[in-house]
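**Student:** The lines below spell out each chain.
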Amino acid sequence: MENNKRAVVDRRGFLKLTGVGLSGFVLQPSDQAFASTLGEEEVAILYDASKCIGCRACEEACKECNNLPPEPVHPSDLSAITWNLIKQRKGVGQSEWPFFNHQCMHCTDAACVMVCTTGALYKDKKGFVAVDEDKCNGCGYCTQFCPFGVPDLKDVNLITGEAKVGKCIFCCQNQPQEGVGRVACVEACPTGALTLDWRESQLEVARDRIAQLKADGYSKAMLYGESEAGGLHRLSILLDEPSAYGLPVDPQGPITFSSVWQKIIQPLGEVALGATVLGVIAAFFVTRRNIRMEEVE
Amino acid sequence: MTVRLKGTERDVVTIRWIPKYTTMERLGHWLHTATFVPLAITGLILYVPLLQSLAQGQAGLFVRLVHRITALLFGLLPILYLIIEPRRFIMSIREFLFDKDDIGWVMNAFSYYLLGRHAAMPPQGRFNTGEKMNGLIMCVTWIVLGVTGLVMWFGKGIVPAGFFQWMVLIHDVAMIAAVCMFLVHLFLAVAHPLMWAGLVSMRFGVTSTAYAAEHHARWYYGPKRARQLYEEAKKKAAEASH
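Residue numbers (the numbering used here), protein chains in the order written: chain A, 1 to 297; chain B, 1 to 242.
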């Protein structure tokens with residue numbers, strides 16, 4: 001009987017500790033899941049498709065600056081080792097500015113950051129989405145939730161799941177704490193198609209440029225990225241519909257899905273878990289008071 | 001077996017044991033538990049922000065590897081059991097089917113299990129309604145977690161991204177349902193005084209006749225006699241309340 005008593009006390013202690021520990025799950029705010037808002041100190045790359053000659057100097061500079069290995073043939077899409085890529089619009093002649101520079105759009109409401117299980121993907125205070133490769137565990141959720149299909153996995157082992165994410169990190173190794181900073185692709189661009197400045201300034205420049213392009217007969221000229229995905233930090237001046245460049249007209253779908261998952265479903269799950277633990281502990285004490293072991297057959 | 005409760009002759013009770021689970025059933029149950037627990041822990045590490053530091057880098061890779069290995073075992077065990085004891089497996093599935101007595105059990109479960117009011121409970125088979133509910137959740141989540149997990153493992157870049165996103169979400173929801181049910185099951189098995197024989201039967205394969213008569217009357221007495229006893233008990237309870 002003494003042994004039984006000791007066992008009961010131990011169990012009670014165990015349940016108390018479990019309850020206290022697990023209730024912390026409910027109280028823990030999942031701050032990484034909340035999207036940031038646009039700040040004044042945010043920078044943006046502005047890409048002007050009407051100035052791009054497709055020379056691929058940006059691609060080369062990106063590879064060199066970020067120590068990315070070369071690919072045997074020119075890739076058709078961005079990948080974990082190609083973070084900057086010039087593609088050509090189909091059905092458009094050389095004289096009609098057919099090129100488009102693809103890279104990470106550095107969304108304000110970045111789905112990749114929301115779904116990252118490790119915090120390896122994070123928003124820098126300047127607005128871009130950086131990567132802490134050491135933290136990445138290769139889960140690859142970011143690759144499936146990005147509306148632009150940008151993040152990719154490298155060194156993948158399909159069986160063990162070993163992998164690392166790779167995507168444009170805004171040359172964050174070269175970014176000073178203050179000021180606009182430098183990015184390799186912009187510095188390499190010989191025509192000024194890529195520029196880097198404060199985001200507000202870039203928006204003004206882009207609006208003026210679009211007005212000019214429209215006056216010059218490019219009636220479909222538009223700015224992509226002012227409000228898409230909460231506002232992009234890679235703005236683009238397009239001469240045609242976004243779909244003509246392979247860009248989603250509305251990238252909001254996966255972002256909304258990520259938000260609902262991370263901000264509603266996951267916390268609700270934690271509440272359900274916490275409530276179950278607390279309910280079980282409460283039931284334990286209620287049954288101990290109401291049911292005597294001696295009366296149990 | 002005799003048990004001395006308080007040290008006097010009057011408190012000596014005799015327990016008669018009858019077989020309830022086969023060795024394979026018990027082995028299957030415990031191996032399933034041994035894979036479910038690490039699966040739940042490694043899954044929660046990826047789910048709960050408080051545990052994020054354990055999901056990072058090499059530690060995170062290890063967590064994901066453990067999750068995959070145990071997931072394979074967790075998925076294969078019921079199939080393996082079906083191959084070893086197919087007749088018993090089908091019999092158990094039949095016993096897990098719900099009937100109208102389950103409604104009466106649920107109606108009375110709160111006062112019975114929490115307050116210890118021994119009102120007449122509808123007679124139960126080898127598995128009572130609570131065990132059936134646990135079984136249902138475990139079967140459904142086994143299928144859902146397995147399908148969504150395999151898509152998440154091998155479908156990245158193959159299935160459409162929108163489909164993958166739903167798989168991740170459904171995997172999460174199924175995990176929460178399974179873990180919540182597991183916690184209730186753990187409490188009833190380990191800490192609930194009325195359920196003391198549950199753990200004994202899953203450890204040693206036998207249960208006491210008194211426990212079987214009270215909790216699994218339809219299995220112990222057979223359906224006819226159990227129904228008769230239940231009606232008598234209900235009548236007595238009604239008379240006592242008048």
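Calculated directly from the structure, the hints in this document are not laboratory data. Since the model is a prediction, treat every value here as computed from it, not as a measurement. Quick reminder that beta carbons are idealized off the backbone N, C-alpha and C, glycines included. One or more of the hints may lead you astray.
[To be verified] Far from chain A, some chain B residues (derived; all Cβ distances over 10 Å): (1) Arg64; (2) Arg68; (3) Pro86; (4) Glu95; (5) Leu97; (6) Phe98; (7) Asp99; (8) Tyr113; (9) Lys156; (10) Gln165; (11) Ile176; (12) Leu186; (13) Ala191; (14) Gly222; (15) Ala233; (16) Lys236.
[What the hints assert, rightly or not] Straight-line distance between alpha carbons at most 20 Å, and here's what the computed EDC-like set of lysine to aspartate or glutamate pairs gives: (17) B:Lys156 / A:Glu204; (18) A:Lys220 / A:Asp250; (19) B:Lys156 / A:Asp240; (20) A:Lys214 / A:Asp197; (21) B:Lys224 / B:Glu25; (22) B:Lys156 / A:Glu178; (23) A:Lys214 / A:Glu204; (24) A:Lys123 / A:Glu178; (25) B:Lys132 / B:Glu25; (26) A:Lys263 / B:Glu25; (27) A:Lys220 / A:Asp208; (28) A:Lys123 / A:Asp134.
**Student:** If a hint holds in the structure, say so; if it doesn't, say that too.
**Tutor:** Status of each hint after checking the structure:
1. Non-interface call for Arg64 of chain B relative to chain A: violated, since the shortest CB-CB distance, roughly 5 Å, does not exceed 10 Å.
2. At roughly 6 Å from the closest C-beta of chain A, the C-beta of Arg68 of chain B falls inside 10 Å, breaking its exclusion from the interface.
3. Against chain A, the non-interface label of Pro86 of chain B holds: every CB pair exceeds 10 Å, the least being about 31 Å.
4. The claim that Glu95 of chain B is not at the interface with chain A holds, since no C-beta of that chain comes within 10 Å of its own (minimum 23 Å).
5. Residue-level check passed: Leu97 of chain B sits 26 Å from the nearest beta carbon of chain A, beyond 10 Å.
6. No Cβ of chain A approaches the Cβ of Phe98 of chain B within 10 Å, the least distance being about 22 Å, so the stated non-interface status holds.
7. The claim that Asp99 of chain B lies off the interface holds: its Cβ sits roughly 25 Å from the closest Cβ of chain A, which is beyond the 10 Å cut-off.
8. Against the 10 Å criterion, Tyr113 of chain B falls within the reach of chain A, whose nearest CB is about 7 Å from its own CB.
9. Separation of Lys156 of chain B from chain A is inadequate, the least Cβ-Cβ distance of about 5 Å not exceeding the 10 Å criterion.
10. Residue-level check failed: Gln165 of chain B sits 5 Å from the nearest beta carbon of chain A, not beyond 10 Å.
11. With 10 Å as the threshold on Cβ separation, the claim that Ile176 of chain B sits away from chain A is violated: the shortest Cβ distance comes to roughly 4 Å.
12. At the 10 Å boundary, the C-beta of Leu186 of chain B falls inside the reach of chain A, the nearest C-beta of that chain being 8 Å off.
13. Separation of Ala191 of chain B from chain A is inadequate, the least Cβ-Cβ distance of about 5 Å not exceeding the 10 Å criterion.
14. No beta-carbon of chain A is positioned within 10 Å of the beta-carbon of Gly222 of chain B; the least distance is around 20 Å.
15. With 10 Å as the threshold on Cβ separation, the claim that Ala233 of chain B sits away from chain A holds: the shortest Cβ distance comes to roughly 14 Å.
16. Against the 10 Å criterion, Lys236 of chain B stays outside the reach of chain A, whose nearest CB is about 17 Å from its own CB.
17. For the hint linking Lys156 of chain B to Glu204 of chain A, the alpha-carbon distance of about 40 Å lies beyond 20 Å, and the restraint is violated.
18. Between the alpha carbons of Lys220 of chain A and Asp250 of chain A the distance comes to roughly 17 Å, so the proposed pair stays at or under 20 Å and holds.
19. For the given pair, Lys156 of chain B sits about 32 Å from Asp240 of chain A by alpha-carbon distance, which is inconsistent with the 20 Å threshold.
20. At most 20 Å may separate the alpha-carbon atoms for a hinted pair to count; Lys214 of chain A and Asp197 of chain A exceed this at roughly 24 Å.
21. A C-alpha spacing of about 27 Å is found between Lys224 of chain B and Glu25 of chain B, which places the hinted pair above 20 Å, so the restraint is violated.
22. At roughly 39 Å between alpha-carbon atoms, Lys156 of chain B and Glu178 of chain A are farther apart than 20 Å, so this suggested pair is violated.
23. The hinted pair formed by Lys214 of chain A and Glu204 of chain A meets the criterion: a straight-line CA distance of about 16 Å does not exceed 20 Å.
24. For the hint linking Lys123 of chain A to Glu178 of chain A, the alpha-carbon distance of about 16 Å falls within 20 Å, and the restraint holds.
25. With a CA separation close to 16 Å, the supplied pair Lys132 of chain B and Glu25 of chain B stays within the 20 Å bound.
26. The straight-line distance between the Cα atoms of Lys263 of chain A and Glu25 of chain B is roughly 41 Å, outside the 20 Å bound, and the hint therefore fails.
27. The suggested pairing of Lys220 of chain A with Asp208 of chain A holds, with an alpha-carbon distance near 15 Å, which does not exceed 20 Å.
28. Between Lys123 of chain A and Asp134 of chain A the CA atoms are separated by roughly 16 Å; this keeps the pair inside 20 Å, and the hint holds.
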